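Going line by line, the protein sequences match chains B and V.
First residue of the first sequence? That's 1 in our numbering, and the numbers climb one at a time after it.
First residue of the second sequence? That's 1 in our numbering, and the numbers climb one at a time after it.
Hints were generated in silico from the structure; no laboratory data involved.
Small disclaimer: the values here were computed from a predicted structure and weren't measured.
Virtual Cβ for every residue (Gly too), placed ideally from N, Cα, C.
Keep in mind that a hint or two might mislead.
Unchecked claim - With a straight-line cut-off of 20 Å between C-alpha atoms, the simulated SDA-like cross-links for lysine to any residue are:
1. Lys134(B) with Phe125(V)
2. Lys134(B) with Arg132(V)
3. Lys55(V) with Pro45(V)
4. Lys134(B) with Pro133(V)
5. Lys134(B) with Glu95(V)
6. Lys134(B) with Asn126(V)
7. Lys134(B) with Tyr129(V)
8. Lys134(B) with Pro130(V)
Claimed, not checked - Here chain V is said to cover these stretches of chain B; the calculated rule only asks that three of the stretch's residues, wherever they fall, bring their Cβ under 8 Å from a Cβ of chain V:
9. 97 to 104
10. 170 to 177
Said to hold, decoys possible - Some chain B residues judged to face chain V by a derived CB distance under 7 Å, without partners named:
11. Val90
12. Asn91
13. Phe147
14. Tyr180
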Amino acid sequence: MSDAPKLKVATVSLAGCFGCHMSFLDMDERILGLLERIEFDRSPLTDIKTVGRCDIGLIEGGVCNAENVHVLREFRRQCHTLVALGACAVNGGLPAQRNHLDVGQCLQAVYLSRQGLEGGRVPDDPELPLPLDKVHPVHEVVRVDYFLPGCPPSGDVIFKFLSDLITGRTPRISHPALHYD
Amino acid sequence: MRDTPQTFLLDGVPVPFHEGQTILEAARAAGRYIPHLCWHPDFPPHGSCKLCIVKVGGRHVSSCAMPARAGAEVESDTPEMNGERRALLQMLFVEGNHFCPSCEKSGHCQLQALAYDLEMMTPRFNHFYPDRPVDASHPDVLLDFNRCIYCELCVRASRDKDGKSIFALTNRGIHKHLVVNAESGRLGDTDFSGDDLAANICPVGVILRKRVGFAVPIGSRTYDATPIRVVAMQSEDGEGA
Numbered sequence: 001m002s003d004a005p006k007l008k009v010a011t012v013s014l015a016g017c018f019g020c021h022m023s024f025l026d027m028d029e030r031i032l033g034l035l036e037r038i039e040f041d042r043s044p045l046t047d048i049k050t051v052g053r054c055d056i057g058l059i060e061g062g063v064c065n066a067e068n069v070h071v072l073r074e075f076r077r078q079c080h081t082l083v084a085l086g087a088c089a090v091n092g093g094l095p096a097q098r099n100h101l102d103v104g105q106c107l108q109a110v111y112l113s114r115q116g117l118e119g120g121r122v123p124d125d126p127e128l129p130l131p132l133d134k135v136h137p138v139h140e141v142v143r144v145d146y147f148l149p150g151c152p153p154s155g156d157v158i159f160k161f162l163s164d165l166i167t168g169r170t171p172r173i174s175h176p177a178l179h180y181d
Numbered sequence: 001m002r003d004t005p006q007t008f009l010l011d012g013v014p015v016p017f018h019e020g021q022t023i024l025e026a027a028r029a030a031g032r033y034i035p036h037l038c039w040h041p042d043f044p045p046h047g048s049c050k051l052c053i054v055k056v057g058g059r060h061v062s063s064c065a066m067p068a069r070a071g072a073e074v075e076s077d078t079p080e081m082n083g084e085r086r087a088l089l090q091m092l093f094v095e096g097n098h099f100c101p102s103c104e105k106s107g108h109c110q111l112q113a114l115a116y117d118l119e120m121m122t123p124r125f126n127h128f129y130p131d132r133p134v135d136a137s138h139p140d141v142l143l144d145f146n147r148c149i150y151c152e153l154c155v156r157a158s159r160d161k162d163g164k165s166i167f168a169l170t171n172r173g174i175h176k177h178l179v180v181n182a183e184s185g186r187l188g189d190t191d192f193s194g195d196d197l198a199a200n201i202c203p204v205g206v207i208l209r210k211r212v213g214f215a216v217p218i219g220s221r222t223y224d225a226t227p228i229r230v231v232a233m234q235s236e237d238g239e240g241a
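Excised from the complex, chain V in its bound form (with noise of 0.2 Å):
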């Protein structure tokens, strides 16, 4: 039996909900967007991004993550919280190698989507440009470690819907990195495949496939004409291509 939809306030306004659907879930079926990078409506919250964070009765939480509760006053789109939004991607920005001339995934990119929206202009903190090799190994698809934002995502895919297991995060806190689950940690010694999820469902520009590179001119690409909270609405699965 499906119990009488209840509400909370996002920003002000009503959003109605069922329960077990977290505020972020409740938010997007009610046409309201907050911001995501590591969520995707396939998979479980990961909550790791942090970048859906909002305010709920003064306090900090993963709106990915926390069930919708009646009565609810969810603080997301406000000074106070993009603010946080934009300090969380410029860390992003710094700790990896963040060069998005030279990236191929520049317009179709989330982290650089969301960070266009958030009016992020500068990274603000000190670079740590990491030394992060590519991995060429693999005939069709290249992996470009530095990009990386530990999202999971393709760990996710790999193991939950393509039955691989390809990736894998190792280490914790700073020497956080993505690995390859092969003998010789190369991804060319594996059986992975450019048509599997986990090869298509990147949010930067980590898993690239070759031979496309710049098929889409730089200026034409998804959020070079629309900004991410308005392709991210308009998509089945939420995500931009």
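Okay, chain B solo, but in the shape it has when bound (with noise of 0.2 Å):
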């Protein structure tokens, strides 16, 4: 074991749907050698709420409300090197699918037109975040320095880029192992 400082990695997920964390799992024992390497600051594997300095930040999900906005702006601040995650993150994914409709019809749709709803109403707790009037990729709101496509990009893909990105080389995904599905 090298007597390094560790790595801080720090995660999140935005408008996503864990799968691309679900996928870092996906590395398996793998994950045990990259420990001794890096350690995770904010993640949802560690709990942990708010992201202190960093090496490395793992964005998964685009960008669809304001708390999103906030996370990731805090991101990029504290994380030397940050790095879209995913699908959704490099151009909006699924969440995205929405861009064309009007929000505001959309919560409506979803809150009050719907049978069965009648008398409901928008939720609008100020503790719920707004959302955006669309789903940003994450490069629309911050600069990226890495771009991890695929849906998920697999535990091999993630393991490979950190394992070269950790180790100073310069990570290079490219056929069979770049998808964006």
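The task is to assemble the complex, starting from two chains supplied on their own in separate frames and drawing on the hints.
Structure follows, in structure tokens:
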């Protein structure tokens, strides 16, 4: 085991399904070797709620509401290297399928117009983050250093990418590892 | 009388050609791949996608339309040209709605396969997210306009091979879009058939057969295992499945 200080890694799922995080865990026992080189800061894996100074930030999901913008900007401020992980972070993905619709009409359709929802109302608790009118890929909000497409990127791809990054090699994902689906 | 083969240099390697051959045709005949989307061996050059762009004597030209010239120095598979091709792909991706995970053409799609081959990691530009409703009116074929790249292969196939002129492009610039030649504008109100060449020539996921979705699983498709630069040179008609 190397004596070098461990790299700090933070991860988050914004407008994502946590599938990329599940895929991260698909690297199976290789995660143990990785943990000799890295330690997790804020992440669903640690349940730490705020992000400190980090070497690498992995962003799953696109940006669909005000809280996503806040968290993403905080990750950008705190992380030396920011990675868009997975299709939604790269191009908005599934949540962005609502982008040609009016968000107000979407909310009305979901909370007011459906059968059985007579007298319902659009949730307006101040704790709830306001939805944006469109879902954006993360690179439309902050500068992104690396992109890992895929829905999700496979555990192998995430492992190779991180291994390259933490050992100082330029990460390169090409055919047949590169996938958008 | 056939003239004796002359040659030009493609990335420094001599490529023989006959008078009248384009750079792309001669390169293919010599087993050398130049990326393309709107070009098809059965049709005259269209020159719209610009993916086949090469540099000849310092000038950018579409290799599908440019006649080969003896002694020309053609640059194609270089970091500069591939970078420009990647930028063209990125513009195509943000202009439409290309969400590969939910597309039945994923793995068979030439746009996606080229983006893999040119290692496009990000769409880079801001997405347009245009509103393009689908047309499911035909019993056998679905039209998903979200993925159209305006190569006009369906337009050309329907007009020149099927003799039906089902499709056309209308308007210009960013307002350009594919339309169906029917009073209602719906494919179901035409004599379009799933057996038409036009139904089977789309390089992306616009014209899709119904009821065969995901018959081949994701991961086992044309370009999943083999890159497009290999597939395109193997298949007789120059295209993938």
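Taking 20 Å as the top limit, are the C-alpha atoms of Lys134(B) and Arg132(V) close enough?
Answer holds: Lys134(B) to Arg132(V) is near 16 Å, not above 20 Å.
Sort out whether Pro130(V) lies within 20 Å of Lys134(B), counting only the CA atoms.
holds, 12 Å
Verify the interface restraint on Val90(B): the C-beta must sit less than 7 Å from at least one C-beta of chain V.
Nearest chain V Cβ about 6 Å off; hint holds.
Starting from Lys134(B), check that the Cα of Asn126(V) is at most 20 Å away, please.
holds, 12 Å
Verify the coverage statement for the region 97 to 104 of chain B against chain V, using a C-beta to C-beta distance below 8 Å and requiring 3 or more qualifying residues.
holds (count 3)
The hint names Tyr180(B) as touching chain V; please verify it with the least Cβ-Cβ distance against 7 Å.
holds, 4 Å
Pair hint Lys134(B) and Glu95(V), alpha-carbon separation not exceeding 20 Å:
Judged against 20 Å, a Cα distance of about 16 Å means the pair holds.
Minimum beta-carbon distance criterion (7 Å), Asn91(B) to chain V:
Hint holds; Asn91(B) Cβ to chain V Cβ min 5 Å, cut 7 Å.
Sort out whether Pro133(V) lies within 20 Å of Lys134(B), counting only the CA atoms.
holds, 18 Å
Mind checking the CB of Phe147(B) against every CB in chain V and telling me if the closest is under 7 Å?
Hint on Phe147(B): holds, closest Cβ of chain V at ~4 Å, below 7 Å.
Counting residues of the region 170 to 177 of chain B with a beta carbon closer than 8 Å to any beta carbon of chain V, are there 3 or more?
holds (count 5)
Decide if the proposed pair is consistent with the structure: Lys134(B) and Phe125(V), CA atoms, cutoff 20 Å inclusive.
holds, 16 Å
The structure meets every hint from the earlier list without exception.
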